[in-house]
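J.: Sequence:
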Amino acid sequence: DSVVPQSLWRHVPIAVSLLSLVLLTTAMAGPTSDIRIPLNRAVVMLVIDMSNSMRATDVEPNRLKAAEQAASQFASQLTPGINLGLVGFAGTPYLLVPPTPQHQATLEALKKLEFGDGTATGEAIFTALHAVSATAVAGGDTPPPARIVLLSDGGENKPTNPSDPQGAYTAARLAKAEEVQISTISFGTPYGTVEYEGATIPVPVDDQTLQEITKITDGQAFHADSLESLEGVYSTLQRQIGYETVKGDASLAWMLLGAVLLAGAVLAGEFLNRRLPA
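Numbering (the numbering used here), first residue to last: 156 to 433.
Treat each hint with caution, since some may be false.
Label-pair ranges, simulated between beta-carbon atoms [unchecked claim]: (1) Q224 <-> D373: 25 to 31 Å; (2) L411 <-> F270: 56 to 62 Å; (3) V177 <-> Q395: 32 to 38 Å.
Everything labelled a hint here was simulated from the structure, so no lab data went into it.
Ideal placement from N, C-alpha and C gives every residue a C-beta, glycine not left out.
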C-alpha cells in the first residue's frame, strides 16, 4: 500500500524544480511593475473661495471654516518635499503663501482667511499660475509638475462672463497651455443661505463653472456637501498628488523566488532519496 504514495513523493522535487525554472525564465524576461515615485519638485496651489456666500451654514460651522479644516488636513498629510502654496480670493485674489516645501506656512495661513465681497475666480487662477511659473523659473530648466486645487461654492461674478480676459475660462485655457491641471471642488448644498441687511439670501452651490474649468484643463471635478465628504475629496487628491507612476524592474522578486524553490527542490530530493526505499 505504501508504494503509490512513495512514488508520488519522488516526483515532488522534479515538479518544484520545473516551477523554479519557470520563475527563473520569467525573471530573465525582464518583468515590470508599477512603482510610485515621489515628485519632490511638484507644485500644488490651493485656491480657496472666501466670498460672502461661504458664510452659509448649510455646512457647519460654515462653508469657509469647514474648508479651512479640510484643507489643513490635506496640507498636513501632503507628501514631504512638495511645494505647497495658497491663494485666497473673493473679489480680489491674494497670494497668501508662495509655493514652499514648508507646509506649516500654509497651515498657519489657513487660520486667517477672511470673508470678502465678490468672486473673482479667473483672477485667482491667474494668481496661482503666476506662482507656479515663479517656482519653475527658480527650480531649473524644466517646469515642475503642477496642480491647482480650486474650492468654491459657485460661479464667478467678477467678471460676470467667464470668457472675458480676466474670466475663469480664459484663465483655465492658459492653465491648459502651461500644462497645469485644475481640480475643482464645488462645496455646499442647494439649500445654503446667508443673512444680509436683515434678509435671507439663498446661495445654492453652483457646479457649472467649476466643471467647465476642469473640462478645459483635463482636470477632475469633485462635489462635497459636508465636512466629511470634503475631507474625503482632499484625501483622494492627496493620494494622487506628488507621485509619478513608472514602470520598474520586477525581475529580482521572480529570481529570488525561483532560486528558493530550486534550492528547496534539491534539498527535498536528497532527503527523499535517503528516506524512501529504492
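J.: Now look at each hint and say whether the structure bears it out.
T.: Verification of the hints:
Under the hint 25 to 31 Å, the C-beta atoms of Q224 and D373, about 29 Å apart, fit the expected range. At about 60 Å, the beta-carbon gap between L411 and F270 stays in the expected band of 56 to 62 Å. Checked against the hint of 32 to 38 Å, the pair V177 and Q395 passes, with Cβ atoms roughly 37 Å apart.
When the structure is compared with the earlier hints, no violation turns up for any of them.
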